[in-house]
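J.: Sequence:
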Amino acid sequence: MTETTAVHWIESTSWEPAFFALPQRIPWPADVDPALASSDPFEVEHLLNAIDLLGPDAGAPWTTFRAATETLEDLTEAMEDGEIARASELLDKVDEIHPGTAFVLYHKAVIARQQGRDADALQGYHAAAERAPKVGAIWNNMGAIQAFGGQRDEAIASFKKALAMNGQDAMALEGLAQLRELVRLQANDPNNPKAVAYVDIPTFRRLTSEQIPQIAQNPDNLVTFGEQLLRDGLVPEVGLAALEHAAQLRPDHARTLLPLAAAYRLTGQHDKARATMIRFTEMEPADSAGYFHLAQACNAAGDEAAEKAALEKTLELEPNHQAALGVWLGLTPNEHNPAKEDELVKWATDHKSWMGFLMASSIARTRGDTPSALRHAERAMELNGESEEVLLHYTATLGEAREFAKLASVVKPAVESGRYSKRLDWNYAQVLKEIGLTNDAIAVLRRGVAEPNVPEEFKRMAHTMMDAWMGFLAGSGIKVEVHPAGFLPRPVLISLADGDEGGVLLNPGAQFPAETSFPWKATGAEATVMLQQGQRGKDSAPHDLGAFKVRGFQPGLDSNATIQCHIAAQADGGLHFRASQNGRKLPVSWTHYTRPAGV
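Under our numbering, the first residue of the sequence shown is numbered 1, with each subsequent residue one higher.
Treat each hint with caution, since some may be false.
Between beta-carbon pairs, the in silico distance windows are [what the hints assert, rightly or not]: (1) G573 <-> E80: 51 to 61 Å; (2) D74 <-> N188: 41 to 51 Å; (3) R180 <-> D271: 26 to 36 Å; (4) P34 <-> I215: 32 to 42 Å; (5) Q511 <-> R460: 12 to 22 Å; (6) L234 <-> Q511: 52 to 62 Å; (7) P587 <-> P41: 50 to 60 Å; (8) D232 <-> P34: 30 to 40 Å; (9) L234 <-> A405: 13 to 23 Å.
Simulated pairs of lysine-lysine, DSBU-like, Cα-Cα distance not exceeding 30 Å [unchecked claim]: (10) K459 <-> K433; (11) K459 <-> K479; (12) K308 <-> K340; (13) K433 <-> K406.
It should be emphasised that the hints constitute simulated quantities derived from the structure, not laboratory data. Virtual Cβ for every residue (Gly too), placed ideally from N, Cα, C.
Kindly produce the complete structure, drawing on both the sequences and the hints.
T.: Encoded structure:
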């Protein structure tokens, strides 16, 4: 095409032309720096201006691209607002006007991912990458899906391709760190204390190994360093080396031997782990934890006789060692065998073990034998009634047995004493609610949150629970669809009575917990707020979430009341609803709603 004085033709190295199915030689306004045409990304408006300057001589593909961009603003708005059906229609329109773009394939893959169709999304990203291989966002999104699907090697390859485009790509770096291919460290930047740096595993191994002699003058720090490396699991051999060095510095320090033995066991050196724990028990013969660790080391080494002997010694020193008792008797998760219960009761009786009685009570509760569960729990109370662990179990068992008098005479004074954590307040309130004493349960939580130095998490949970018990919070009887990666695959929006769809409240892709507030015009004595997940489209149908009812609001001057509604979607699919008017909480409830046929 002939170059005009207003337009120059430039060989762009940017990924933008390939993304839009354009040649790399592009028109560019003569009064705009040509270097900008190779930016990643460049300003598309400059390209559009150049096409306009060419006028009727532009020809395809520039004219079709120019026409397709007329829909981009609407498309961006639809994507941002979570209007997936509308966005899909606009993408089809773009593809019809200017076909074959990686742009369309990419955004359709984004929509598929938001809808939980990971296989379709991955296929779309692959197709987009074939047409525009230099777009980092394509590889990053592909890597995220592959990582979630357990395709570690493929995900690493995708993130590395994104890094090849931009060595500072934050999403690619963090993706590789999550896959433990890179390690995220605090950067040495005095101007930005939150700055991070990423190194590969060999570099991290070298850096951590170099720190061992630097901190060797303080064996305690060396032990802490080794334990941290073992917990991280990236370079366990360096963690082991740090612990071995600490043991060399103070060979007679028993507390250094515990993490060292754990490191040997973690790295598969079971004989060394056992030898280390034998030495520990010789130095600390009254420490039950040492013998239990020895039992674990013997188990890993396949020495059943030695494991049994170590367990026997553990329980001889500490008859309330729950883990040792469970292994000794071969208890399984959710154990309900009455024979195991009898063994525990005999053990607990012979050894005065309150833990044995608690474990026996748990077995009885699992089996639904409430009288036996209560009997064993009371034996535990006789032996250690001041223990919070015993009180928590006893409280739940009393509730199942509906022993109101003992709840009032034993548990209530313990709760009001303030000597226990808020776990006891919480459990006691839950039991009272389960047996129908809702007002008493609310009073317990209300008193609990009013005390000084109450943990914020307890306050939050207590206020939420009180609102639910008082009718100011309602949960949907239908769960929202949840993507396994922890986000909303489809939007939550208002469902109108005439079959139309209202505004989107929660956008697809929102991470949990996802919440929002919105105003609602209410008339009459009761307002009905119907919700749905997903929008009607050629390939989808909405999922009705039922209706929330709101009462107790005051009408405005025109008889209409404006109330404020709030919804919150949880990671387990639960949907919570609240409403208020001028700061006053309103009674709410949920009811099932079925969309009329044909709507």
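J.: Each hint should be assessed against the structure and marked as holding or not.
T.: Hint-by-hint comparison with the structure:
| no. | hint | verdict |
| --- | --- | --- |
| 1 | G573 <-> E80: 51 to 61 Å | 25 Å, violated |
| 2 | D74 <-> N188: 41 to 51 Å | 47 Å, holds |
| 3 | R180 <-> D271: 26 to 36 Å | 29 Å, holds |
| 4 | P34 <-> I215: 32 to 42 Å | 55 Å, violated |
| 5 | Q511 <-> R460: 12 to 22 Å | 18 Å, holds |
| 6 | L234 <-> Q511: 52 to 62 Å | 26 Å, violated |
| 7 | P587 <-> P41: 50 to 60 Å | 52 Å, holds |
| 8 | D232 <-> P34: 30 to 40 Å | 49 Å, violated |
| 9 | L234 <-> A405: 13 to 23 Å | 57 Å, violated |
| 10 | K459 <-> K433 | 18 Å, holds |
| 11 | K459 <-> K479 | 26 Å, holds |
| 12 | K308 <-> K340 | 18 Å, holds |
| 13 | K433 <-> K406 | 16 Å, holds |
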